[in-house]
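Number of protein chains: 2
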Amino acid sequence: MNMNFYMPAKVISGKDCISQNKALFKLGKSCMIVTGSSSAIKSGALDDVIDALCENGIEYIVYDKIRENPLLSTCYDGGVIAREFGCDFVVGIGGGSPMDAAKAIAGFIANPDIEPDEIFNIPALSPSVPIILVPTTSGTGSEGNPYSILSLDGKDKKQTFNSPYSYAKYAFLDYKYTLSLSRNYSLSTALDAFCHCIESYMSPKSTDISRMFALYGAKNIWNCFDGLDRGEITEDMREALMYASFAGGVAINTTGTGFPHPMGYNLTFYADLPHGRACAVFIGKYVEYQMKSEEGRKLLCGFAEALGTTPEIIGEYLPRLAEFTAEIDDETVTMFCEKVKNARNFVNAPYKVSYDEMIKIYKDLFIK
Amino acid sequence: MNMNFYMPAKVISGKDCISQNKALFKLGKSCMIVTGSSSAIKSGALDDVIDALCENGIEYIVYDKIRENPLLSTCYDGGVIAREFGCDFVVGIGGGSPMDAAKAIAGFIANPDIEPDEIFNIPALSPSVPIILVPTTSGTGSEGNPYSILSLDGKDKKQTFNSPYSYAKYAFLDYKYTLSLSRNYSLSTALDAFCHCIESYMSPKSTDISRMFALYGAKNIWNCFDGLDRGEITEDMREALMYASFAGGVAINTTGTGFPHPMGYNLTFYADLPHGRACAVFIGKYVEYQMKSEEGRKLLCGFAEALGTTPEIIGEYLPRLAEFTAEIDDETVTMFCEKVKNARNFVNAPYKVSYDEMIKIYKDLFIK
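Just so you know, the sequences run in chain order A and B.
So in this note's numbering, the last one in the first sequence is 368, and the numbering has no gaps at all.
So in this note's numbering, the last one in the second sequence is 368, and the numbering has no gaps at all.
Isolated chain A, as found in the complex:
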């Protein structure tokens, strides 16, 4: 039993929550809006944010250079531009990439003298400038934690930057920004958020509170899967999914994730499979292995019962929703396992999967 918890972001939720709370944007004189190329515009979130900034007489620039797997250098450049413009706070709008980039840019603004890769030492440096996050997808949960996953330029490698100053001051959860997302995109992001919830729930680092958030998120998403699968996604489901994604982000802030995440990275990297589906591919095996330990079985049964189902059905259903088949040869399996074998995620569950078991999991799934 454990009640450890930290969640300093103020969460404002509901349709039109930005236009109903414009005064909260008065965090400084000048703001950098960090976003990708199109989703902030298409979703309507950019308009709402600009409207709130203008109403408060705040100058702004839009930095829309963020792409998937944001580069450290792009964030560093954003910090330089923001300082030139005198920005004293940041609004990140989008999926995980712009929100993660916003956290890094806020760190660069507050620490003008550091080299790009010194951002990873930021816990020892100055605080960040204030950050507002506005998710336009329901998957990453980045608005619920301080993590920022950045790609290192010229290296086949990502590194996570994480500082106690990198929580959002405000997170605005308005599901209307997700209304136009496609069936496929919505399903994949929902799978990502569900994986956050189940992997967090199983972690030995769980606390009573992280499990509460994980179960809340998992229940919301579980009830939406059939509709998502059929592409019949109501407004109520959009709302439930957005809150679930946030809850998953809060849960993994305490616990981190389990092995479906690193094992899935290879499928994203080498087969371009969207992240959520790539994780979900491994949930069947995740359930199978966790059921081998007494603690794992106990936890999974409790988790499934709260969802009104069984571990076996979860393990069967998620990979089916992921809709991915491939044939991979022995050498590729070895390469995959070498890539991720040092990830701490493998021991972040009651049953610790060994290297030989990693090999076996990939082979079972992808060698016929």
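Incorrect hints may appear among the rest.
Intra- or inter-copy, both count: the list cannot distinguish identical chains.
List of simulated lysine-lysine pairs, DSS-like, C-alpha gap at most 30 Å [what the hints assert, rightly or not]:
no. : residue 1 : residue 2
1   : K341      : K10
2   : K65       : K155
3   : K10       : K169
4   : K15       : K352
5   : K169      : K42
6   : K341      : K368
7   : K205      : K176
8   : K219      : K205
If you're looking for bench data, these hints aren't it; they were derived computationally from the structure.
Model the placement of chain B on the given structure of chain A, informed by the hints.
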């Protein structure tokens, strides 16, 4: 559906959590420890805190002048002394009174030029100095919210001070400080915390997250009531009760409380009935009235189902645990109702109790 939430305190929990996290006390050079006359010493919490301060080379003074229903003037005087001593942060140890006083003293330290009663304007003033809270009872939940209830000197009146700066920076939840509490005291504080949870859960201001915390707390406490009633209180129960109390404090931070609170104040004030028992006296009537509205019935049935019981059993059991009978005359009933009729708690539930119904509730309970 609503996900609004704010909880900036970092919560550290478990046995010996202070001695295992001494470095977190390094919040300044000099500290005022705010406490009552004895519980901080008896519980061992004062020793643990002093040990952590000394390990970090932090000077401290102990201000142990806080009594039940802390006076505004006592808090103001504490602020003056703390400034003279150069204190730049505050540790509150105890039940609700010392924790509430610590919040006020922290406000006075940061705002040297204000008059005592200007503390109630503090949201418009400077921030507070950092606050650490260490509960030694499991009832108030003050460590989970920014509320500070102060008694106005020379007036038969309390006023609540509440600022966005008055959250604890750290809350240390160590149930070992509650091990020596008597059966009666433990039961009364548990009743208080349970009332927070049920009254919060029923509030129209609830969010998904506040209900999650309210249910978590209510379940923990419900499972302990039989043991509390028999005076057989295990360590596991002590731990569950401490986390439940915190959860209740977080829940009411979003919602506030319902009518058992103001109606109970009269019993505390005029019959010296401990606060938790005084609230629990009214839970039977609270359930009865809420069941009159469709929304109230729906919510109560869901709440009770999550606890594995029924609304009727809750409504029957809580007043029985409160163990209070009295005969009160018509005039006293009128005086009681006049005292509390303007409290907003009466409309903070699906069924809004009228003035005539307040009268009827007191009469039903106390005029034979």
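Each hint, compared with the structure:
no. : hint         : result
1   : K341 to K10  : neither (37 Å within a copy, 33 Å between copies)
2   : K65 to K155  : within (20 Å within a copy, 61 Å between copies)
3   : K10 to K169  : both (6 Å within a copy, 15 Å between copies)
4   : K15 to K352  : between (42 Å within a copy, 27 Å between copies)
5   : K169 to K42  : within (25 Å within a copy, 39 Å between copies)
6   : K341 to K368 : within (23 Å within a copy, 75 Å between copies)
7   : K205 to K176 : between (34 Å within a copy, 22 Å between copies)
8   : K219 to K205 : both (21 Å within a copy, 22 Å between copies)
The structure shown violates just one earlier hint, number 1.
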